[in-house]
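Q: What follows is the residue order along each chain.
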Amino acid sequence: MASGEIPLGILYSVTGTYSLIGQACLDGVRLGLEEVNRDPRYPFSFRPEIEDPGANIDHYLAFSEAMLRERGCRHIIGTITSIGRKEIIPIIEKYDALLWYMCPYEGFECCENVIYTGACPNQHIVPLFRYLLPRYGKRVYLVGSNYIWGWETNRTARELVQASGGEVVGERYLAFASQDVARLIEDIREQRADFVLNNLVGTSSYAFLSACHEAARSDPSFAPESRPVVSCNLTEAELDSIGPAATGLISTAIYFDSLESPESLAFRRRVEARFGAARRNSVYLVNAYIAVKLLAEAILACGSDESEAVKKALFELVLETPLGTTRIDSATNHAALRPYIGRVAADSSFKVVEATPQPIAADPYLVDFDARDFGAEVNRRSAMQLRVVK
Amino acid sequence: MTAFRTPNFRGWQVVVLHREDAGMRRLARQLERFGVTCRFAWPKLESLDPAVKAVFFDGDSGYDGLFPWQAGQPPVPLIALMRSEAPGRLEWVLAQGICSHLVKPVQSTGVYSALVLASHSFAQAQEQEARIAALKTRLRLRPEVIRTVLAVMRLGVFDEDKAYACIRAAAMERRMTVEAFCATADDVSLRALLPRRRQSSGLGRA
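These protein sequence lines map, in sequence, to chains A and B.
Using the numbering used here, you'd call the opening residue of the first sequence number 738 and step up by one each time.
Using the numbering used here, you'd call the opening residue of the second sequence number 6 and step up by one each time.
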């Protein structure tokens, strides 16, 4: 029976270009950890071993190795970018530990020692484009930060656009943390895109949104109702820093703070009680919290924090969470999730414009996805949309 | 720019020619995640089911006669599973005509790219082989072209370029390569290509 203190590695960048996301993740872990440690149902408590790699790729490996080798951790909750995750997977495998990764990512990975609770492409870009292409048009501009998330999400987007008979009218990348967005704005203006997929991260993304907002003052084509900026990773965690420039942005996520379900409302009250009414809740905070809860429940069920035993117990779990019900699929180590599509309203909250009725199983390698079927569905929906408009 | 289509292996069957151990079960589990089913065989593959799309094999213990096909001419993409890096082993593995490899112990990372690389390079190699075969045929028939050009020059009192243009047009009309056309042409068929007034005596082939 697992009892006493269980060390838990927590590896989030709370400084650096995407620190707001890191802070949301860390807060979610803290909330989950405090609840577990207070709850007499668990005969153990978690001892947090927290490190901040500061979005610097050189620190990830050393920090995680110290957690695994010196501090006895068998579980690490952490990493936000795919670079960070891929950097530490070999060491996680070497120690046969588990990495709990809870951010949306570009898919095409299925590691035995990673539990994936964030959305993969069939749970983010596919539903997002199924919603957008029939409504806003098929001339699409792709932007991203210069690394795997932007490259691969944009490649998938290109495949979706072309399968629907549309056109990618531009594709540009900015170096990490770059705010040099002026050329991007000019090119989007010239190419007359119908909408812009924004895979920039952190400060680059804020600079871009602010420049689009600015451009809309003199050029109505940049108004969000005519040419929305859309995203698979922009959440409430960053809205306050972006301010009014975020209004009209369309994003997909597996959770929005504005969800009215009883589970979500109850969670929001707990977040407010812990972090104050001003604290923004987001999918990052919720999902980090859920990861701690899943781990605690799995350890409780199997009586050990050993990775194989935890995985086996985890795959049997059906946990009530702020997302509704959470399950991890033993075939893929990924969570089944319900994607939502939301638009940022003037009060800087997401208004849900489309909700998937049931959780959908993760398909990290897009095995059950057929681009031609997708294109046919988009075109059918476009025809329906035209009839509605008439 | 056209999007690189997401590789899809849904419904594929593969054979793993290797002792079934924990590492190979990990390989099988990873393959299942791509929609691929696999069958184990060792120490020998007696025959290859035509439904099989790729073969993984033990590069460390593989030996001549392991495969039911002529050495170096696999009918499907071959992927070597390797721990040894001894040059002799690598030489043997290369001689089998591999398209990619995976380092043992097999981890979940690498299986997908090994399959993508193998299927891509196999298709590319097949395409190249077909092109080379076609080029070889054309090369073999070059003397026929020379003979035919000379015959048309004689029959029609043309210069070399005009004679060739005349043959090329005739081959295109028949949807044949110039070489294939020349191989079947005789005086009668060549005379039919020429305006009456330009004809003289030709190939001497009836």
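I should point out that these hints are in silico values taken from the structure, not numbers from a laboratory.
Just so it is clear, CB atoms sit at the ideal spot from N, CA and C, and this is done for glycine as well.
Misleading hints may appear alongside valid ones.
For lysine-lysine, the following DSBU-like pairs were computed, each having C-alpha atoms within a straight-line distance of at most 30 Å [unchecked claim]:
no. : chain 1 : residue 1 : chain 2 : residue 2
1   : A       : Lys-823   : B       : Lys-141
2   : B       : Lys-109   : A       : Lys-831
3   : B       : Lys-141   : A       : Lys-1048
4   : B       : Lys-58    : B       : Lys-109
5   : A       : Lys-831   : A       : Lys-1049
6   : B       : Lys-49    : B       : Lys-141
7   : B       : Lys-167   : B       : Lys-141
8   : B       : Lys-141   : B       : Lys-58
9   : A       : Lys-831   : A       : Lys-1088
10  : A       : Lys-1048  : A       : Lys-823
11  : A       : Lys-1088  : A       : Lys-823
12  : B       : Lys-109   : A       : Lys-1049
Computed from the model, here is a short list of chain B residues facing chain A with C-beta under 7 Å [unchecked claim]:
no. : residue
13  : Thr-11
14  : Gly-16
15  : Arg-38
16  : Phe-39
17  : Thr-42
18  : Arg-173
Q: A separate judgement is required for each hint: does it hold in the structure or not?
A: Comparing the hints with the structure gives:
1. Restraint check: the Cα-Cα separation between A/Lys-823 and B/Lys-141 comes to about 48 Å, which exceeds 30 Å; the hinted pair is violated.
2. Proposed proximity of B/Lys-109 and A/Lys-831 is supported: the alpha carbons are some 14 Å apart, at most 30 Å.
3. Only pairs whose Cα atoms come within 30 Å are accepted, and B/Lys-141 paired with A/Lys-1048 is rejected, the gap being roughly 58 Å.
4. Taking the CA atoms of B/Lys-58 and B/Lys-109, the gap is about 22 Å. The hint holds against a cut of 30 Å.
5. Distance check on the hinted pair: A/Lys-831 and A/Lys-1049 sit about 19 Å apart at the alpha-carbon level, within 30 Å; holds.
6. At roughly 36 Å between alpha-carbon atoms, B/Lys-49 and B/Lys-141 are farther apart than 30 Å, so this suggested pair is violated.
7. For the proposed pair B/Lys-167 and B/Lys-141, the alpha carbon gap of about 26 Å is at most 30 Å, so the pair holds.
8. The straight-line distance between the Cα atoms of B/Lys-141 and B/Lys-58 is roughly 29 Å, inside the 30 Å bound, and the hint therefore holds.
9. For the given pair, A/Lys-831 sits about 44 Å from A/Lys-1088 by alpha-carbon distance, which is inconsistent with the 30 Å threshold.
10. Of the supplied pair hints, the one linking A/Lys-1048 and A/Lys-823 holds, its CA atoms being roughly 20 Å apart against a limit of 30 Å.
11. About 34 Å separates the Cα atoms of A/Lys-1088 and A/Lys-823, which puts this hinted pair outside 30 Å; it is violated.
12. Among the hinted pairs, B/Lys-109 with A/Lys-1049 is consistent with the structure: their alpha-carbon atoms are about 25 Å apart, no more than 30 Å.
13. Among the interface hints, the one on B/Thr-11 holds; its C-beta lies about 5 Å from the nearest C-beta in chain A, closer than the 7 Å criterion.
14. Interface restraint check: B/Gly-16 against chain A, minimum CB-CB distance 9 Å, threshold 7 Å, status violated.
15. With its C-beta approaching chain A no nearer than about 5 Å, B/Arg-38 sits inside the 7 Å limit, and its interface hint holds.
16. Proximity of B/Phe-39 to chain A holds as hinted, the smallest CB-CB distance being about 5 Å (cut-off 7 Å).
17. Given the 7 Å rule on beta carbons, the hint for B/Thr-42 is violated: about 12 Å separates it from the nearest Cβ of chain A.
18. Of the supplied interface hints, the one on B/Arg-173 is violated, with its beta-carbon coming no nearer than about 38 Å to a beta-carbon of chain A, more than 7 Å.
Of the numbered hints stated above, those contradicted by the structure are hints 1, 3, 6, 9, 11, 14, 17 and 18, listed in ascending order.
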